[in-house]
Every structure is written in C-alpha cells, then in structure tokens.
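**Q** Turn these sequences into a full structure, and let the hints guide you.
Quick note, the sequences are listed as chains S and B, same order.
Read in order, the letters of the first sequence are residues 0 to 437 in numbering that gives the first Met the number 0.
Read in order, the letters of the second sequence are residues 0 to 437 in numbering that gives the first Met the number 0.
No wet-lab data here; the hints were simulated from the structure.
A couple of the hints might just be wrong.
Just so you know, same-sequence chains aren't split out, so a pair can sit in one copy or run between any two.
[Said to hold, decoys possible] Derived DSS-like pairs (lysine-lysine); straight-line CA-CA distance at most 30 angstroms:
1. 430 with 414
2. 352 with 13
3. 299 with 142
4. 157 with 203
5. 352 with 203
6. 414 with 428
7. 170 with 430
8. 338 with 430
9. 428 with 13
10. 170 with 142
11. 435 with 100
12. 41 with 367
13. 435 with 338
14. 202 with 352
15. 85 with 338
16. 170 with 202
17. 430 with 35
18. 35 with 100
19. 13 with 435
There are 2 protein chains.
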Amino acid sequence: MLEDSSNQTHFGIKARWIYTANDHQELLHNHTVFIKNGSIDKVAPSALSNQSNIIDLGESILTPGLINMHTHSAMTFLKGIADDQKLTDWLEQSIWPNEAKFLNHDLVFEASQLACLEMISSGVTTFNDMYFYPEATAKAAIKIGLRANIGLLFIDLKTNYASDFTDYFDKGFAFRDNFRDESLITTSLAPHAPYTVSDESFKKIRTYADQLGLNIHCHLHETEWEINESLKKFGIRPIDRLHRLGILGPDFMGVHCVHLNESDLRLIDSNQINIISCPSSNLKLASGIPPINLMIDKAKFVTVGTDGSASNNKLSVLDDLRLFSLLQRNDRNEPKFLKSEDLMDMVTIDAAKSLDLDSIIGSIEVGKKADLVAFDLSNIFTQPVYDPLSSLIYSGSRDSVQHVWVDGQLKFKNKQLVNVDDAESVIEKVKLWQNKIQ
Amino acid sequence: MLEDSSNQTHFGIKARWIYTANDHQELLHNHTVFIKNGSIDKVAPSALSNQSNIIDLGESILTPGLINMHTHSAMTFLKGIADDQKLTDWLEQSIWPNEAKFLNHDLVFEASQLACLEMISSGVTTFNDMYFYPEATAKAAIKIGLRANIGLLFIDLKTNYASDFTDYFDKGFAFRDNFRDESLITTSLAPHAPYTVSDESFKKIRTYADQLGLNIHCHLHETEWEINESLKKFGIRPIDRLHRLGILGPDFMGVHCVHLNESDLRLIDSNQINIISCPSSNLKLASGIPPINLMIDKAKFVTVGTDGSASNNKLSVLDDLRLFSLLQRNDRNEPKFLKSEDLMDMVTIDAAKSLDLDSIIGSIEVGKKADLVAFDLSNIFTQPVYDPLSSLIYSGSRDSVQHVWVDGQLKFKNKQLVNVDDAESVIEKVKLWQNKIQ
Numbered sequence: 000m001l002e003d004s005s006n007q008t009h010f011g012i013k014a015r016w017i018y019t020a021n022d023h024q025e026l027l028h029n030h031t032v033f034i035k036n037g038s039i040d041k042v043a044p045s046a047l048s049n050q051s052n053i054i055d056l057g058e059s060i061l062t063p064g065l066i067n068m069h070t071h072s073a074m075t076f077l078k079g080i081a082d083d084q085k086l087t088d089w090l091e092q093s094i095w096p097n098e099a100k101f102l103n104h105d106l107v108f109e110a111s112q113l114a115c116l117e118m119i120s121s122g123v124t125t126f127n128d129m130y131f132y133p134e135a136t137a138k139a140a141i142k143i144g145l146r147a148n149i150g151l152l153f154i155d156l157k158t159n160y161a162s163d164f165t166d167y168f169d170k171g172f173a174f175r176d177n178f179r180d181e182s183l184i185t186t187s188l189a190p191h192a193p194y195t196v197s198d199e200s201f202k203k204i205r206t207y208a209d210q211l212g213l214n215i216h217c218h219l220h221e222t223e224w225e226i227n228e229s230l231k232k233f234g235i236r237p238i239d240r241l242h243r244l245g246i247l248g249p250d251f252m253g254v255h256c257v258h259l260n261e262s263d264l265r266l267i268d269s270n271q272i273n274i275i276s277c278p279s280s281n282l283k284l285a286s287g288i289p290p291i292n293l294m295i296d297k298a299k300f301v302t303v304g305t306d307g308s309a310s311n312n313k314l315s316v317l318d319d320l321r322l323f324s325l326l327q328r329n330d331r332n333e334p335k336f337l338k339s340e341d342l343m344d345m346v347t348i349d350a351a352k353s354l355d356l357d358s359i360i361g362s363i364e365v366g367k368k369a370d371l372v373a374f375d376l377s378n379i380f381t382q383p384v385y386d387p388l389s390s391l392i393y394s395g396s397r398d399s400v401q402h403v404w405v406d407g408q409l410k411f412k413n414k415q416l417v418n419v420d421d422a423e424s425v426i427e428k429v430k431l432w433q434n435k436i437q
Numbered sequence: 000m001l002e003d004s005s006n007q008t009h010f011g012i013k014a015r016w017i018y019t020a021n022d023h024q025e026l027l028h029n030h031t032v033f034i035k036n037g038s039i040d041k042v043a044p045s046a047l048s049n050q051s052n053i054i055d056l057g058e059s060i061l062t063p064g065l066i067n068m069h070t071h072s073a074m075t076f077l078k079g080i081a082d083d084q085k086l087t088d089w090l091e092q093s094i095w096p097n098e099a100k101f102l103n104h105d106l107v108f109e110a111s112q113l114a115c116l117e118m119i120s121s122g123v124t125t126f127n128d129m130y131f132y133p134e135a136t137a138k139a140a141i142k143i144g145l146r147a148n149i150g151l152l153f154i155d156l157k158t159n160y161a162s163d164f165t166d167y168f169d170k171g172f173a174f175r176d177n178f179r180d181e182s183l184i185t186t187s188l189a190p191h192a193p194y195t196v197s198d199e200s201f202k203k204i205r206t207y208a209d210q211l212g213l214n215i216h217c218h219l220h221e222t223e224w225e226i227n228e229s230l231k232k233f234g235i236r237p238i239d240r241l242h243r244l245g246i247l248g249p250d251f252m253g254v255h256c257v258h259l260n261e262s263d264l265r266l267i268d269s270n271q272i273n274i275i276s277c278p279s280s281n282l283k284l285a286s287g288i289p290p291i292n293l294m295i296d297k298a299k300f301v302t303v304g305t306d307g308s309a310s311n312n313k314l315s316v317l318d319d320l321r322l323f324s325l326l327q328r329n330d331r332n333e334p335k336f337l338k339s340e341d342l343m344d345m346v347t348i349d350a351a352k353s354l355d356l357d358s359i360i361g362s363i364e365v366g367k368k369a370d371l372v373a374f375d376l377s378n379i380f381t382q383p384v385y386d387p388l389s390s391l392i393y394s395g396s397r398d399s400v401q402h403v404w405v406d407g408q409l410k411f412k413n414k415q416l417v418n419v420d421d422a423e424s425v426i427e428k429v430k431l432w433q434n435k436i437q
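**A** Following this line, the structure appears as structure tokens:
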C-alpha cells in the first residue's frame, strides 16, 4: 500500500513498467521516476536508487496521465436520462429542453465536479471541454485539481448562458483573462458545430484564433443528417464549407468525423487538421463507425474522447481506447492492427500535441509536469501479464487505476479519491438537480 | 456494508431496485428477496417485512446472476499472449502451439479457477464452457462455487487430451457420469466447429444429443475463412452443411454467427437455433460485426458470451452486453434500439432458456436458485440514476458488482471475493505457467 506522499514535494515512484510515450515509445522496466516540485526531475533504473521517499508501485505500469480529448463535463447532470434515443431526437427531446430549463452557472460548477471526480478515478489528468458557462467548468477543475483545456463555447443561439456572438465572446474572453494565472487551465475557441454556427461567426473565430494563438475545438461530420442539412442549406458538405471559410488548419480539432468521403479526407489531409474520435458516443447515438484507418492516414493526429456523460455514459478514455482499437481492427475500408504503443500515444502524447500542450504534459520525460497514472496489473482481471501495455488496454479498465497524480499532487491513492473535496457531497448536489429534472 | 450471511440459510436481501427478468420484465422498487436453503422463497415489498437477517443493499439493483454463454475458461493461461493477431494467425501461431506444448489436466484446473474468480468478480454466476479436460474445468467451478454448463469437447484432431472420437467421448461421458450428482454442473455436447469436425462425427453427436437430451454447443460462421474453406471442401456453407447433417435445432447453440447471408438466416429461422454472440472477441480477432438485428429476428434466442480470455480479454459479460447494444444500434442492415430489459434478459433468462436451465436459474422468481448479483449504483460512475437498468448497462461495468450469491452462498461481498480459496494462490499458480510459456 502507498503511504501518503501528498505533502511531499520530492519523491520517487518506482515501477515495474513505465510507458514513457516519448519519441522512441520506450517501455522501461524497473525504473524510478523522481518528482520535484510537481515536475519530473529524473528517470533512472531503480537498482541505482537508494533515495528515501520512494513509492513502490508493485506489479503496476506507470504511464503519463490520460487526456480525455472531448468532454461536456457538466452533462453528468443528464447522465442516463435518455439512453435509447438517436442523436437528433436525443438533442431535441431530452437534452436541449432540459438545458434550456435548468442550466446555470451553479449547475455547471456542481455537475462538472462530478465529472472531474469520475475522470480522476478513470486515470484522466487532463480534459478538453466544451460547454456553456466555461468559467464554472474551469472552477470545478481547479477545485478538484484536474488540468483542463476549456473551450470558449459559441453557438448561434440565444441560451441561458449568452445571447449572441458578442455576448458569448465577451463572457468567454473575460473568463480567459480571469484565469490567465491558473496553471491548470488553458483555453481554446469552441464553435459548437457547422450546423449551429454561421459563416460570419466562423470567420471571426478564425481571426481570434490567429490573433490569440488559440486552437479551435468543433464538432464535425457527426451524423449524416448534419451533412444533408449542409448540402441543402449551403450546397456543400460541412468540411468543405469550413475549408472555404479558412477555419481548417493544424490548430483545428474536429470532433467525431464519422462520415467522411474521399473529398473530405483530402481536405483533412491538405489542411492537416486533428481528429478527435468518440467511439462509444458515436455508437450509442447510432451515428455510425468512422473510417478509422483512413482518418489515421490523413489527419495530423487522431486522438480519443469520451464525449459528455449523457451520450457515452462513461468518462473513461481508457475504455474508449479499447473500443477504438476493436473498431479499427474491423474497419471495412482498410483493417489494421495498431500497436499498443500507438494506441497509448493517442490518449497521451498525441493528445498533448493536438492541444499544443506537449511541452508540459503527455509523456514521462524530464522537465514535464508530473501528471501520472499507475495502473495495477497484479489482480485477477489482468493476470497473467505477457505484455503490460496490451494487458492494460484489453484486460484493464477504469478499475485498473491505482494512483493518479496531477502536477505531482496525489489525487487518487490505492483506488480511492484523496485530497479532493468529499465525493459524497458532490453526488448529493447532483442528486438534488436530478430530482428537479425527473 | 454487508454483514456476512454466508453461513445463514434463511435471509433476505432488501433492494431499492430488483430486475426480475420474469415474463413481465418487472422492475420492482423497494422489495426484499427472501432466501431459504439456497432458493428464492418469497419476494415482497420491503415495507411489509420486519424479519431479521435482512441485508440492505442501499442504492443498488439486484438482478439474476449473469450467465456467460461462451467461455474457454482455462484460456486465462494465454490471456494477452498475442493481442495483435487475426483469428487464423492467432490460432496457428500462438494458441495451438502453446496448447500442444503445455495443456494438461492440472493447467486446465488451475487456469479455470482464475477464470471463475474473474467471473464471480464480474457478476457471472453461470458459465457455458467448451475446452479440453472438461472434468478439470468442472472441478474448478465446484471448488470456487460457480454454476457451469460444461461442454463435452470434440475435435477431429489428436490432442494432449484425447486421440479420436471414441477417446473424446469415452472421457467426456465418464466425466459426465462422475459429476452426475454435482448440483452446480450440467453438460452439453461440444463439437468444436464445422472446420474441425467431420460429417460422420457430427451425425454421431446428433444421435447422442437425441438419446441423452443434451444441447449442442458449437462455433459457427466465425470468419469468412471458415465459410470459404467449407465452400472449397464441401461445396456448401457450414450452416447449410450442418442443416443437411441434421445437427441444427432448438437444442443447438451456434457461437459467433458473424457472417450470415439470407440463406443462412432462413436456416437459422427454420431450425430455430440459438445464437451466442461474442462481440469483443469478434472485433478483437478482426472477424467482423454480425447482422445483429436480423439474428434477433430469426434465432430462437440471441445471447452473449465473452469467449475465452485469450481473445477478449475480459470475462465480464456485462461489459460485452454494452458493446453488443452499441453495435446493435449501428447495424447497417436494420438499426434498432433494444430496451434495457431486453438486453438484460439476454444475459439472464434468455441464456437460461438457451441452456434449458430456466426452471432453476435466470430470473428472480420463487422456487428458483438464489443466483443473484447486486450492482452498486451509488458511486460517481453511475450517479445520477434516471433509469437503474440503463445506468447499469451504459454507466456500469464489472466494477459495479457489489455482492454475488450462487445457490444462496455469498461469493463476493462489498466488492471482494469471499468464501473462496485465496485468490493470490490461484494467480501465483498461473504465473508459474506463464513463466514456462514466456
């Protein structure tokens, strides 16, 4: 069992296996990672170390903290409300009416905390979010102690949160300014989707992105309906429209990309956009299965997100990585078997690169933040271990998470949340909301 | 927390929700299930009860014990050995050579115990197995205390276990006779697959099935390779061949059925066979995605199995039920959304009916065996709960399993194995095998 290292600024983590996610995809055996003031100070063979303050993980694999590349954290408040509806019905009958009726800053703050607790418990140390009241989500991430890239949401609709383009971005940039010194928080621009954002708004967002050096996080080609609507309204497919508006580029993260034809794939290639795949959500909402291997060939990076709790309903990106791999092997266009290292990179270093955060997170390398997860491989679910990474991906699950550190702070210890506000009170607050809704 | 009821023969389980899996698919609220001598004695509203020996589950759902409809339990010894190979390569390069080299009674006994421990921890109370040394698997099930329907394996190959048809069935029937009085053990006939069993052997197996009233458990249409081989060798598809041999019928359980054309589906319909789908295994070995809704329309029952650990690598049928549901929603032939009750029935009462065990297990009804699982819905993974069954299927996982009873005996309590031999020693024995193999 692990002694509490939460108040220690200098300590070591001794692991049987360490997947570094560095450029050489090194898997280290019997090494120790030394942490100093929240950052990785040294990685060395354990045999050479006789320092004190060493945490011995036992038969576990240490990896970079997982990055959940697409979330709507606050949607935990609607988790499971309509598990049997297709995307358009689900949005129009269950999600949007409840959001219109109940959404406010406090709900987003409370429901996002539940999401943060679930993500820590699932080995996630950074999430890439998009939702109303981004400031409330950022506050929740800071309170719980999770790293977050928060989207400055924009949708061409008057909502509880904001009325029009100016109002959305006045609020968004005010939030960004207020949180400028928060080391756990970064921001992106987050236009909701081609079917909810006008040409004019997209053009302004491109200007902001260039001026401020911000990435763009946007739903894209999730359903056939979306593509047909665009063909009706604009005469072209959404991805072509965004291309012509100059929105696409290496700073663009397109979420879903389930329905892609050859011309879409050419535009993905020529613009070198990043794709975030959400396999559980796409299947659960009957949106379909993307042409995974063509995506991997053409995009700058393909990474994985869970999507919000209402459409998945789990925030465990490790479990969705397994599903992504299973679907990839059955890709009807071009079946392939990605190596476990390549899969693991998708939820660590490639995700960090997509977010432009790879200088501080995404791999176990000296100088980076100590965002780390230990996964226990010693139990009946994962034994025997022939290959620790593939055991983690195919036999493991969120229940394999043993310890989690963010910024060198222990947040999850021996399979329990630690150093976070009482999880029970977070659940109780969300239950109060549930009772109002139900 | 639950007090130990393991030595009690009379006790009650008080649950906020009970999914009965009875003919009316009743979901009971605030009821208590009373157990007497291993069987369900009464189900009544909790408010009316003031009996002692009541276990209060809290915010949990009680369901019939899950039935894992297709396993090769002993294959835990090869779990994760070759996670990146297609079925034919995987069998020929990794599985068969290791089985030929290492397989014996002791290994099957030890590795099957690991599988049994994993299944209990995943909410499984009955498994439908097919492997070499069936007696060793049965012994493992009895030792751990799990219910098992054990296949009398036959394959037209000389193996460590047996040399020819007579030898396989001499051993199979001797095992069956020896275990006739073991209440946890039943048997089926288990011809391996159309590509490994001759016409003559299939005909004899049909005779045995009729004479002894035994079901037949057989792999079927798992890969395109299998179908092409049959077309080359016999000029007809495997399912047509089995039909002409008189093997198919309501007592036949065909495992996989990934590749089905219209004529196959007509034969499934006219013969009213049962289909066991193994979605993780089919995806992991790149065998493909079955036409799920057509299968459901035509088969007698469609149920779910995990397959062996080497091809999945989890024995959690709850997690595979979620995957089955997600794939079913994206069926390219006929997308549908099964109700949560219908999904749950697939791994409980429909499975029991496929096995002809529905008079004793599969639902929470008076007179049936107390094979029960309590799933905890109170934690951050499953809160809030709008619908307990869909929360279990989509937000839950093997980590939701709270308590498990088999035959009224508590085997898993407060998320820990109880009343079973030390799990550590089982793992240690399997590690010894792993070291020899690796």
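**Q** Which numbered hints does this structure break?
**A** 3, 17, 18
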